[in-house]
Amino acid sequence: MNRHGTIIFAAAAFVAAMAGGSLPAFAQAFQNYKCADGTQFIVGFYPSDSRAYLQLDGGSVTLARRLTMSGSRYAGRGATLKITKTGITLKHARRPVTACELM
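In terms of our numbering, the sequence shown has 560 at position 54, counting the first letter as 1, and numbering is strictly consecutive.
Treat the hints with caution; some may be incorrect.
[As the list claims (entries may be wrong)] 30 Å max Cα-Cα, derived DSS-like pairs, lysine-lysine:
| no. | residue 1 | residue 2 |
| --- | --- | --- |
| 1 | LYS540 | LYS597 |
| 2 | LYS588 | LYS540 |
| 3 | LYS591 | LYS540 |
Please keep in mind that the hints were generated in silico from the structure rather than gathered at the bench.
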């Protein structure tokens, strides 16, 4: 297959995957969460980037990865997202820490 055929095949596969509701592994970077306090957010992770990208309260927040003893912690602009084996928590906008689950 020549270069143009490869590009067309890749584009067609991506469009077909999106139409079918199933995305390739490289595109499965976004996840929707709902928290105990009613907060809902979308978080995006990219393989080549150590940051987390949040859509929260109608805005975008980029969270830098922070050092932690276990799990992962991301923080920035008043928001902290913690991901551990026991669950996910979010703290933002001077609200208390709340437990969140995948939607």
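Checked hints:
Between the alpha carbons of LYS540 and LYS597 the distance comes to roughly 13 Å, so the proposed pair stays at or under 30 Å and holds. Under the criterion of a C-alpha separation no larger than 30 Å, the hint pairing LYS588 with LYS540 is consistent with the structure, at around 14 Å. Annotation: proposed proximity of LYS591 to LYS540 holds, straight-line Cα distance about 18 Å (limit 30 Å).
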